[in-house]
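Dock chains B and C against the given chain A, drawing on the hints supplied.
One letter stands for each residue in the lines below.
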Amino acid sequence: MAEPQEPTPEYRSTHVFVGVALGLAFLGFFVGINQTSQQMDGLTAFVPDASKEAPHESLKARGYGEILENPFRKNQHWLTSIDNLASKTTPQLTAEVEDPEKNKESTLLMREARRAYAGAPPTIPHPVKQKGDASCVACHQDGVTINGRLAPPMSHDFKSQCMQCHVVSQAPMQVENRSYLLSTENSFVGLSEPRDGERAWPGAPATIPHTLQMRSNCMSCHGLNGRYGIRTSHPWRQNCVQCHTPNAKLDAHPIPSNLDAPPQ
Amino acid sequence: MPISALVLTMTLDDEQREAALVELERNPFNTLGNLVSNQLPLVIETSTVAEGIELVRDVIPSIPGVDFVHVISIDFSDMSSRDEKLQSRRKRISDPMR
Amino acid sequence: MSMDRREFLKATAMAAATTAASRLAYGETPALDPSVADEVHSRVKFDKAPCRFCGTGCHLQIGVDPNTDKVVSISGDQRAEVNKGLLCVKGYHAGLALYGKDRLTRPMLKQGDKHVPISWDKAIDIIAKRIQKNPAGFAFYGSGQWTIPEGYAAQKFTKGGLGNNHIDPNARLCMASAVTGFVSTYGVDEPAGTYTDLDKCDVIITWGNNPAEMHPVLFSRVIDRRSRGEKVTLIDMGTRRTRTTDHATHYLQFKPQGDVAIALGIAHLLCKKNTYSQEFVDKYLNFRRDSDPLENPTLLGESMTFDEFKRAVSVYTPEKVEELSGVPASKIHLLADLFGNPDIRITSLWCMGMNQHTRGTDINRLVHGIHLLSGHFGRPGDAPTSLTGQPSACGTAREVGTLAHALPGGRVVANAKHREQSEDIWNVPRGRINPKPGYHTVLMWEKFSTPKEEGGDIDTLWVQVTNPGHSLPNTEKLFYPSRKLEDKFLIVSDVYPTESTRHADLILPSALWIEKNGMFGNSERRTQQWFKQVSPPGEARDDCWQTIAVAHRLHELGHEGMKDRDGRFLFEMKDEAGKSVPVWKWTNYYDINVDRALFEEYRKFTTLKHKNLAPYDVYAAHRGLRWPVVQEPDGTWREVQYRFAGFDDPFVEKGKKLDFYHSTTNDGRAQVWFAPYVAPPEVPDADYPFWLCTGRVLEHWHTGSMTMRIPQTRRAMPNAYVEVHPEDAAELNLSSGEVVIIESRRGSCELPVWINGRGRPPRGSLFVPFFDERMLINQVTLDAHCPISKEPDYKKCAVKVRKLTAKGATDG
Chain A
74 MAEPQEPTPE YRSTHVFVGV ALGLAFLGFF VGINQTSQQM DGLTAFVPDA
124 SKEAPHESLK ARGYGEILEN PFRKNQHWLT SIDNLASKTT PQLTAEVEDP
174 EKNKESTLLM REARRAYAGA PPTIPHPVKQ KGDASCVACH QDGVTINGRL
224 APPMSHDFKS QCMQCHVVSQ APMQVENRSY LLSTENSFVG LSEPRDGERA
274 WPGAPATIPH TLQMRSNCMS CHGLNGRYGI RTSHPWRQNC VQCHTPNAKL
324 DAHPIPSNLD APPQ
Chain B
930 MPISALVLTM TLDDEQREAA LVELERNPFN TLGNLVSNQL PLVIETSTVA
980 EGIELVRDVI PSIPGVDFVH VISIDFSDMS SRDEKLQSRR KRISDPMR
Chain C
7 MSMDRREFLK ATAMAAATTA ASRLAYGETP ALDPSVADEV HSRVKFDKAP
57 CRFCGTGCHL QIGVDPNTDK VVSISGDQRA EVNKGLLCVK GYHAGLALYG
107 KDRLTRPMLK QGDKHVPISW DKAIDIIAKR IQKNPAGFAF YGSGQWTIPE
157 GYAAQKFTKG GLGNNHIDPN ARLCMASAVT GFVSTYGVDE PAGTYTDLDK
207 CDVIITWGNN PAEMHPVLFS RVIDRRSRGE KVTLIDMGTR RTRTTDHATH
257 YLQFKPQGDV AIALGIAHLL CKKNTYSQEF VDKYLNFRRD SDPLENPTLL
307 GESMTFDEFK RAVSVYTPEK VEELSGVPAS KIHLLADLFG NPDIRITSLW
357 CMGMNQHTRG TDINRLVHGI HLLSGHFGRP GDAPTSLTGQ PSACGTAREV
407 GTLAHALPGG RVVANAKHRE QSEDIWNVPR GRINPKPGYH TVLMWEKFST
457 PKEEGGDIDT LWVQVTNPGH SLPNTEKLFY PSRKLEDKFL IVSDVYPTES
507 TRHADLILPS ALWIEKNGMF GNSERRTQQW FKQVSPPGEA RDDCWQTIAV
557 AHRLHELGHE GMKDRDGRFL FEMKDEAGKS VPVWKWTNYY DINVDRALFE
607 EYRKFTTLKH KNLAPYDVYA AHRGLRWPVV QEPDGTWREV QYRFAGFDDP
657 FVEKGKKLDF YHSTTNDGRA QVWFAPYVAP PEVPDADYPF WLCTGRVLEH
707 WHTGSMTMRI PQTRRAMPNA YVEVHPEDAA ELNLSSGEVV IIESRRGSCE
757 LPVWINGRGR PPRGSLFVPF FDERMLINQV TLDAHCPISK EPDYKKCAVK
807 VRKLTAKGAT DG
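Chains as they are written, first to last, in the working numbering: chain A, 74 to 337; chain B, 930 to 1027; chain C, 7 to 818.
The set of hints was computed from the structure by calculation and includes no laboratory data. Take the hints with a grain of salt, since some may be wrong.
As the list claims (entries may be wrong) - Quick list of in silico lysine-lysine cross-link-like pairs, DSBU-like style, CA-CA up to 30 angstroms: (1) C:Lys206 x A:Lys232; (2) A:Lys175 x C:Lys16; (3) A:Lys177 x C:Lys76; (4) C:Lys809 x A:Lys202; (5) C:Lys90 x A:Lys202; (6) A:Lys202 x C:Lys237; (7) C:Lys51 x A:Lys177; (8) C:Lys51 x A:Lys232; (9) C:Lys809 x A:Lys204.
Stated by the list, open to error - Just the calculated beta-carbon pair ranges, DEER-fashion: (10) C:Asp623 x A:Ala273: 31 to 41 angstroms; (11) B:Val1000 x C:Arg769: 53 to 63 angstroms; (12) A:Thr318 x C:His339: 54 to 64 angstroms; (13) A:Glu271 x C:Gly544: 31 to 41 angstroms; (14) B:Glu983 x C:Thr18: 22 to 32 angstroms; (15) A:Gly276 x B:Asp987: 43 to 53 angstroms.
Every residue, glycine too, gets a C-beta built ideally from N, C-alpha and C.
So here's chain A without its partners, still in its complex pose (with noise of 0.2 angstroms):
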């Protein structure tokens, strides 16, 4: 095989690349970085989810007068490591677990509002690079909460293209007075989030009362890190679908296939 003379993009060297993607993301994001409209790539061009962004406070413009008594200074949030602006709290396995059913109906609401339907991949609500490089990885791989924001870790293997599936909520660019000659509207009614398992007697472990879809990480959602009203009452038990079976009839595929039998 030739050895090709320049160094490969192989997910190998994942380390140094996360960080370099850490320091970008987190700068750009976090800090929101005065660009130029002609330097504007999409990470600048709308704030989701404002309720969910941390308490900004935008420093007041001031004359030339001023500056002396109020020089200019990093603003509240200039921290650019990911260990400042990740939550310090660790949380414990063995830790007793409070209210697992805290807020879970609009756990499951805020869940639909991303996805189609359940099972669907969610849409991404905040700015991304357009670009195909898996940057993605720096906060989704294990997960990270930052100030009070969650950054899941993926429920599936990792895949190299985040965004052939997961696109974004809103677009980084959208040209205005455009009226639509086509409807934009939509009737689908989709799938709505499973509430509950079912369950054998009262008490029993619940069967996996959703679609598994390649999604193999419980912990994703379930986990201490997941949102309340779907964690687990139990993180100390780690191998979940021992007793929490997947629902046959959910992934069922009632066709014959060629390839249940082994490929040659």
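Just chains B and C now, with coordinates in the frame of chain A:
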């Protein structure tokens, strides 16, 4: 007894919000829903329409930690007396100017 | 007043407040009433269907709520070999495409400036009477979105019924150069390799191709191998940086048309360094060229010796190629060394970059040529693989042959024997099929746009499953003129209002995807089947039914062509008891499986050129099978992954390693073509200084009539834009979001600028996606086309850029 469905936009300050929630919970006519992000669903029962207006217009917004009050719906179907006289808002405001 | 009632009122108020709170918090409405959610989950029925967007052919599992007869969920089919459970954002949201609020639900006739609803009977009658009046002036325009049975019915109706060959699909604008490339190289159309090569190759080369956005599932299939520790070298060759480039080991940026020079440069170095495969040259290859490549190129050309071939390519030294393509000579060496290494497996991928090209046939031939010359062919992982942009460009346009010159099963109208075979299968009288090829797409629309007295002899044009008002090149010349001519009648069957329906004389509402039975054929020769799963809205009906209904109305009007040899209706169908079923009546259309009946008839054609298909019921039980599908002695059906390769293809002569059994030279050998570099027809100059390239984006498919109605994809990419290099933008004083006018010698289009956006064009180059019906870039593009395939070049023309705001400031 009118029933009003409201959504309160709560402050992002955790401490102040908790205090506001305690304050809201104290009123026996209030039923609090689950906080969705910083939006609180709230149902209030009052004996008169006037009382409801007072709550929505003056009392609730004045609680520290409540940023805004959205009125979603008011149900009058359960009112026993329909002869309640209400001053119109416009008139009250314009009175001092006369 | 009971307490219960008060509690109920309070609960209602709380539900309203909670919904509102969720909406205020997240700007969304919850999907369904939570209390019924679990109940719906328990009754959802899942069934298989291939995705109806690009040519990849992913399989989906579609969840339908039988109580509402609506799609509620979609998941990737984990047991489908194409996608192994993975989808892209379009696939996951494909079900939403059915539910846009402005679905067409009634036939509508243009009266004055308005479209007024009419009955189906009247609509069918109007069409039939126009055709009856002038059958030779009728043309059918379809696409690779026709299902196989739909395309087959349209084909039989036009060629076997009307005896008129004016039927062409928009695949002409998409796949025609690939077809001519395959046919002139192997003597038969469609790739020898399959997607399995993506799992086996060491090197993958993308020729002017951006699969990261256009065929994301296939791109993930190859690139995700890296995360499993495998080494995959990706060489991205393109005219702009894309998401594919971000994963590339090497990025080779070439000047538009430079791909031809690069392929020639590789061929030259293989010869010069003696790294070509002697075995292939001795046993499996002939060499060929066009005697007059500029003035009169042909599909078959003339033969040349290997020595002549060597001399012909010898002018394309790496330095010469660098000059023509802009790619450094060292990189041409790099490519030639990869091809010269017999120990690695190389897969080439291409799509519109090579096909929508004024030398489209040539570049296709050359890429096959370097694979064959170097011996990188016929082993798992070694394949020149052409991708398609539509779900059934292969299955319907190419295999059913809904092209102006073709008949099903690789037959052509110009061949008397082929016509006889087809007439026999269709049971129509001898001489029914017209030996003269009909009008290809560009010519068809030119004839429709030209007044009758000036030779425009097409007066009724029926468009199914595509949107030519948006996707034809140079629409000012090819689409709009007929709209001002009294005697030209445009019929458009579609699912949503589009640029085409807006200008149509008659609009027919169609059933979409899983609202009907269907079959597709994807890019790897895989034939796929699905059943109707939900009902179409309002009066929308299957395109196939529309064709059969018009045929039957013509039959009633006494059109002789609608009768077979025995005087029976051309589309007569019988149920299991042998009783004739009036399928031309909508109420009876689903009494039998019309798809099955048409497919079983079509299947007889497929054995004529070793493209054997299995019976319908076998496809119903599989997630697609790759043809040729042959029956084993035990009665099971076996698909073929590697065509022409002795170890897999049953049609290869016993004992041979490779056998090109459709060789145009009848000696089992493939043709390696020489084609000279020819400059593009229009290059930037002082007046029009920019290159313009057009294409797609991940979120939208084709003209966006479906994906722009899916909230998730529309919100992510709500409008088209023009990508400009930052330095060009600085020079023109443009900033992101600012609207500019892109102007060519043919037309203009207003677009917002996006700098450092999704793709990064080099200086002097622009890119515009074509999906947005409010920004019709095809009013700007060029209709110059490949002389052999007749496919237009949407990828390069000269334009200028002007600010919209500053009037008169034309400093483009």
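Checked hints:
| no. | hint | result |
| --- | --- | --- |
| 1 | C:Lys206 x A:Lys232 | holds (18 angstroms) |
| 2 | A:Lys175 x C:Lys16 | holds (21 angstroms) |
| 3 | A:Lys177 x C:Lys76 | holds (27 angstroms) |
| 4 | C:Lys809 x A:Lys202 | holds (27 angstroms) |
| 5 | C:Lys90 x A:Lys202 | holds (28 angstroms) |
| 6 | A:Lys202 x C:Lys237 | holds (26 angstroms) |
| 7 | C:Lys51 x A:Lys177 | holds (27 angstroms) |
| 8 | C:Lys51 x A:Lys232 | holds (29 angstroms) |
| 9 | C:Lys809 x A:Lys204 | holds (27 angstroms) |
| 10 | C:Asp623 x A:Ala273: 31 to 41 angstroms | holds (40 angstroms) |
| 11 | B:Val1000 x C:Arg769: 53 to 63 angstroms | holds (57 angstroms) |
| 12 | A:Thr318 x C:His339: 54 to 64 angstroms | holds (58 angstroms) |
| 13 | A:Glu271 x C:Gly544: 31 to 41 angstroms | holds (38 angstroms) |
| 14 | B:Glu983 x C:Thr18: 22 to 32 angstroms | holds (23 angstroms) |
| 15 | A:Gly276 x B:Asp987: 43 to 53 angstroms | holds (49 angstroms) |
Of the numbered hints given earlier, the model fails none.
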